[in-house]
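Enquirer: The primary structure of each chain is shown beneath.
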Amino acid sequence: MPAAIPLTLELAGLSTALLLLLGVPLAWGLARGRGWWVEALGAVIALPLVLPPTVLGFYLLILLGPHGPLAPLLALAGLHTLAFSFTGLVIGSVVCSLPFMVQPVRSAFAAIGSAPWEAALTLRAAPWDAFVFVILPLARGGIVTGAILSFAHTLGEFGMVLMLGGDIPGKTEVLSIVIFNDVETLRWPEAGALAAGMAVFSFGVILVTLRAEARMARLRA
Amino acid sequence: MTLPRPPSRRQLAMLAALGIVAFGLRPAPARAEETSVAVAADFTVPAKRLAAAFEQKTGDTLVLSFAASGQILAQITQGAPYAVFLSADAARPRKLAAMGLAVPGSVFTYAVGRLALWSAQPGFVDAQGQVLQTGHFTHLAIANPQSAPYGAAAVQALKALGVYAAVAPKLVTGENIAQAYQFIASGNAELGFVALSEVLQDKSGSAWVVPQSLYQPIMQDAALLKAGEDDPAARAFLAYLQTPEARAIIRGYGYGTTP
Amino acid sequence: MAFEAPSAGITGLFGPSGCGKTTLLRCLAGLLRLPGAALRVDGEIWQEGPIFLPPHRRALGMVFQEARLFAHLSVRENLRFGLRRAKGAPRITDAAVIDALGLEPLLARAPAGLSGGERQRVAIGRALLAQPRLLLLDEPLAALDREAAQQILPRLREVSRLFAVPAVYVSHDLAEIEQIADYLLLMRPGGRIAARGELGALLTDPALPFAARRDAAMVLELRAQAYDEIYDLTTCAGAGVALTVPGWHGPAGAAVRLRVRASDVSIAKTEPWDSSILNALPARILSAETAAGPHVNLVLAVGQTRLLSSITRKSFDSLGLAVGGMVYAQVKAMALAAPG
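Chains as they are written, first to last, in my numbering: chain A, 1 to 221; chain B, 222 to 480; chain C, 481 to 820.
Chain A extracted, bound-state conformation (with noise of 0.2 Å):
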């Protein structure tokens, strides 16, 4: 258990990290394409929100096996499977939350239009500066909201990390697991106190993110 709660943390972590990469040049591609590929890409991301993580988990399970389309790479790099390690883990994380990233920042920039984009680059700007410095400030809110979001369900997410981890302590044990196990063996008083935990520094992340949000909003006002 005393591993699990650095380890949570550091795939919750690491997971929002990868999905800023990823989700934010994600949103800003689907904010701005235009075509058919637009809300199909639109409804592959959306897809974890309608499969059940453990169903997510399993096919995972064989994506990221000795059978998936990843295996020539993994043999590559020496690895039989990237099931029951950490860096399977933040895979999954990273799929099952995608969704959570990239629709509050896609909605963003949505908001925000191009006025501003075309503004900074007739202002001299090229377009990663353009995006940087003038459409990242703008859509600092929906950013935020995103990653509060893939945080936070990351840090309990169960199904996938059931499906795909292996319950290995320190690796892959996360707490939601420990939680389980601690249910499924009746120590139910372990269960709840871990659980509570969970749920009071849930709350206290996102209390703390959303008044710096709205203090930053305020200075700028």
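Derived from the structure by calculation, the hints contain no laboratory data.
Honestly, I wouldn't trust all of these hints.
[As the list claims (entries may be wrong)] Listed next, the in silico PhoX-like pairs over lysine-lysine satisfying Cα-Cα at most 25 Å (straight line):
id, chain 1, residue 1, chain 2, residue 2
1, C, K749, C, K812
2, A, K171, B, K380
3, B, K391, A, K171
Position chains B and C against the provided structure of chain A, taking the given hints into account.
Expert: Same frame as chain A, now just chains B and C:
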């Protein structure tokens, strides 16, 4: 993407069972003429066969709910209206009896689980289980030894063979044997300990039936629950499970029966 | 469509709504890529065949209908956005722009708290500080009330001249164009250029719809000559025309731009001597545009320039006026007082 093999109906059933685990679906409330039976997920297939045979004989209707034993126990303590509980272990029915939720004296062993070391790759597991000594694998799947009897048995067997310390870093733990089976079937774990009943149903890959001397017998006990105390069909079903006919069916699925 | 525009002064791009003015401007900015279009600005190729310079590589500044200030930056940071990104030592400094547009009191403020006129002034300053060789103005005053627009219009002309940045000014409001432009592109629906040339020449061209309009006007570029302190009048002259204009218009030699409405110019057959009109200019009637209605618009040659006069058809007939005839054009001085 290549699946290890086309997903069988069995795998889909397992998937469904896991879905129930994850979402804690509440069992449908039993109607007067129906008897509600909670079955440990590992016993899904034989239970269906036994229920069908019983219904044909008596005309009673059984409604089967499948979930992990721990989940079922939690549901019963929260008032789930099951009449009969077929557990994957001996501890939980006893605990229910102690809590006054099962009818005293109704608990008996309906099946004895048997452990097998299995790999989806033909020839990977040899007839003597020597592969455990040579150790040319990265992941060995077992069920959770704390909550699943097959997991505890697997650990006992590994210790009896004197290889536990050597393979411990390679252990990956499924929540139950169904999940351990999935780890192996998908190839993510090269081999692992599962229920013999699972191996017999697929008849693929390679397996070693672990000698019963290496682990405590895996007693799977049944109990008549308080909700079924006055239900003649529930009592009849429990009685049926002890008939030679039912015991033969159970043995046919790779379980032992008590003498 | 092919056209050339001079790379000095302000080119007004005028046409009805939806004729493609904004599209043309967005092509100039590089925000839109029309296949097959060719653009050269100041000898530099911006688009031709496979060559397409992206907007940020074009030395331009653009002011949109809405100011499009960056909400997360202060006014000062907005102003410096383009300045920081322009290469080389800045030709147009922030101090000069802040001074010319009166932005000093706004610098520390957030865009959200500014009025529409203030925002647009900041947007103009921000565009100028990007060190443009061409300023693109897409109906920058259309969203403002008349008063705010009238404060900005002369400043816009001033900064274009002060910082020597040529501009393209898009508008569907001819009065704005008459106040600000030196050169005019007239666009027809469908994106064709119907006419182009000096603003004054086009406004008085009988072949174009401007001269016959009931609210027709003409623009004169003169220079201040002498100021009469007693009567608060300035004599302005140029192109063979001398006019007395109320108010002070700067020291001798200062450029004075006068918009003369056709309805403020009356006609006399003989030189008036007992009239209140200070400005009576000998003129020759070049054409008489008689559209439906009570008025006749005369195009007059005065010195080396032209004036428009709108009179009633009745006067035209009773005075016995005819194309080619000599008359006196009387311009009411007080009508030259206020711009617009």
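Enquirer: So, for every hint listed, does it hold in this structure?
Expert: Verification of the supplied hints:
1. C/K749 - C/K812: 17 Å, holds
2. A/K171 - B/K380: Holds, because 23 Å separates the two Cα atoms, which is no more than 25 Å.
3. B/K391 - A/K171: 12 Å, holds
This entry satisfies every hint, going by the numbered hints stated previously.
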